[in-house]
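Novice: The chain contents come next:
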Amino acid sequence: MSTPAIEFLEVTKVFHPRFSEEYVAALTGVSFEVVPGEVCAFLGPNGAGKTTSISILMGFLFPDSGTVRVLGHPPGDVRAKAQIGFVPENFAYYKFLTGPQLLRFHMRLAGLDLASAETRIGELLAAVRLHGYESLKIGKYSRGMVQRLGIAQALLADPQLLVLDEPTSGLDPAGRHEVLDLITSLRDRGKTVFLSSHILPEVEHICDRVVILDRGRLLRVGFLRELLRSGDQVEIVIDRVPDETSAALAEFGAIATPVEQRVRIVADASRKRELAELLWAAGCDVVSINPLKSSLEDLFLKTVGGAS
Amino acid sequence: MKIRAIAFNTFSSLVRNKVIILFCAMFACIVLFMLMPLMMAKSMAKSIGAGQSATMVLGMVSAVTMMVTGFGSLLAIWASADAVASEIRSGTVLAVMARPVRRWEFLLGKFLGVQMMMAIYVVAMLLLSYLLTWLGGERLGSSPVLLILYPMVRYAVYSALAILLVTVMHPVVAFVCGFVVAVLSSMVSPSAGHSVFPAAIRLGLYVLLPSTGLLSEERFLALTQSPLKAAPFTDHLIALTYGLDYALVCFLLAAWVFRRRPL
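Protein sequences appear in the order of chains A and B.
When we follow the numbering used here, the leftmost residue of the first sequence carries the number 12, and every step to the right adds one.
When we follow the numbering used here, the leftmost residue of the second sequence carries the number 4, and every step to the right adds one.
Hints may be right or wrong, so weigh each one.
[Stated by the list, open to error] Using 25 Å as the maximum straight-line C-alpha spacing, the simulated DSS-like pairs for lysine-lysine come out as follows:
no., chain 1, residue 1, chain 2, residue 2
1, B, Lys21, A, Lys313
2, B, Lys21, A, Lys148
3, A, Lys151, B, Lys21
These are computed hints drawn from the structure, not numbers from a lab.
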């Protein structure tokens with residue numbers, strides 16, 4: 012079995028505000044793993060502990076207890092950091108530099124060969140739609156441009172693991188779409204992506220695994236496909252509902268909703284066969300029977316709402 | 004390469020720092036204003052005699068140099084504290100520390116970046132000393148090497164001290180503490196004469212605080228007409244080694260504290 016790209020084991024972090032007796036438990040016994048080559052969405056409402064977790068992962072903060080390993084190394088270890096690309100949530104860059112100057116600076120920090128720097132920088136700036144702005148100081152960039160430059164600097168060293176804290180915030184729809192495509196292409200190339208985001212419909216299309224936190228506690232972790240299928244309801248699509256079956260549907264606890272030229276019935280999965288036979292016997296044309304798949308947003312709201 | 008990149012970036016950032024530019028400009032105006040008495044001394048040379056005029060010029064050059072070096076110490080303290088604190092405050096440190104950079108490498112880069120700026124300041128200070136003596140109708144006889152090495156080592160001590168302080172406290176508090184250390188160290192040095200402190204406390208502070216009197220280039224200021232006695236090479240070596248050692252200890256302590264500091 013390969014080494015997990017990210018491993019949190021019973022991680023606890025408590026903040027003690029200065030001059031105060033109170034304390035804030037940012038993380039309480041959080042454990043999860045991210046396997047190499049997958050896209051993991053790290054979700055939770057504001058104050059859930061996502062940024063604290065990412066800061067611990069990057070070696071910016073230290074846990075009070077528990078163990079964290081990144082690419083098989085402790086957080087902050089230069090061997091691990093050499094293989095990580097990171098975009099912080101509210102990142103700031105030196106405003107007096109231009110985009111290419113910043114990327115050159117990061118190439119030096121990453122210990123990369125500067126001989127091929129110009130080609131690589133040109134490619135990255137084109138990939139994030141910043142070509143043509145080479146001489147513009149970062150201080151003059153819009154928020155979206157800064158965000159795109161952040162993504163370019165994260166990709167600079169062709170990292171094995173990308174840690175993205177709200178990578179699409181501040182981007183227009185086209186920019187968001189490009190970032191999501193980029194993440195998908197990185198996964199296709201075998202890279203691991205760990206991203207936190209509030210835009211759940213977007214994340215749903217690209218992530219393999221989901222970790223949901225709330226108030227420092229791990230609520231749910233697992234493959235998205237499995238989590239979304241874990242519902243116990245079924246969706247039956249038929250051409251019409253004959254009048255004589257309405258009472259029977261109510262008895263089954265099924266809810267019928269007209270959808271375009273058809274009718275969508277949502278019922279308990281355990282009684283799907285009985286219901287389908289009833290509809291068939293009543294002369295309905297059963298178009299499809301599928302397990303009801305909830306969205307990531309539904310799952311998130313259900314998980315976080317249920318916990319609170 | 005990483006340390007050099009951080010150092011050059013720090014230097015570029017410092018020379019664009021508006022607070023530093025403003026204070027340097029204000030200070031330059033004060034220095035220019037102080038040139039007036041020097042011009043007066045020159046014009047009085049015929050009436051008071053060449054020897055007395057040279058002493059007056061030396062005294063004035065010494066006073067201006069003292070002011071400039073004092074300002075340099077404050078600049079070194081402020082620049083070092085701000086160079087580290089502003090990166091943490093603005094969040095730019097996160098992208099840097101996400102790279103394969105060790106925490107001590109980051110601090111060393113910051114320290115060297117400040118030293119690059121201070122090197123320019125020291126060269127400007129040296130040129131100012133030559134200008135002042137020339138305006139006074141004299142010629143500076145001191146070795147330029149000494150007038151560069153001594154302040155550089157002294158500023159290195161203050162930079163390392165400020166970096167140590169800013170790893171555990173707010174930059175403004177660190178600056179004030181650094182300033183207090185600079186004042187106290189001059190008050191407890193043997194050359195300060197009578198002190199307000201009891202002997203034991205004075206001795207303790209003298210041992211603990213950096214001996215900036217020992218690292219002062221002012222004692223080597225000399226005009227051709229009245230050369231001071233030349234100090235032996237070993238004296239310089241001991242004084243400069245003492246300063247570098249003090250800076251190294253401060254820096255190592257800063258690196259030790261910074262390794263577990265939340266960013």
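Novice: Determine for every hint whether it applies to the structure shown.
Specialist: Against the structure, the hints come out as follows:
no., hint, result
1, B:Lys21 <-> A:Lys313, "violated (51 Å)"
2, B:Lys21 <-> A:Lys148, "holds (17 Å)"
3, A:Lys151 <-> B:Lys21, "holds (18 Å)"
Of the numbered hints stated above, the single one contradicted by the structure is hint 1.
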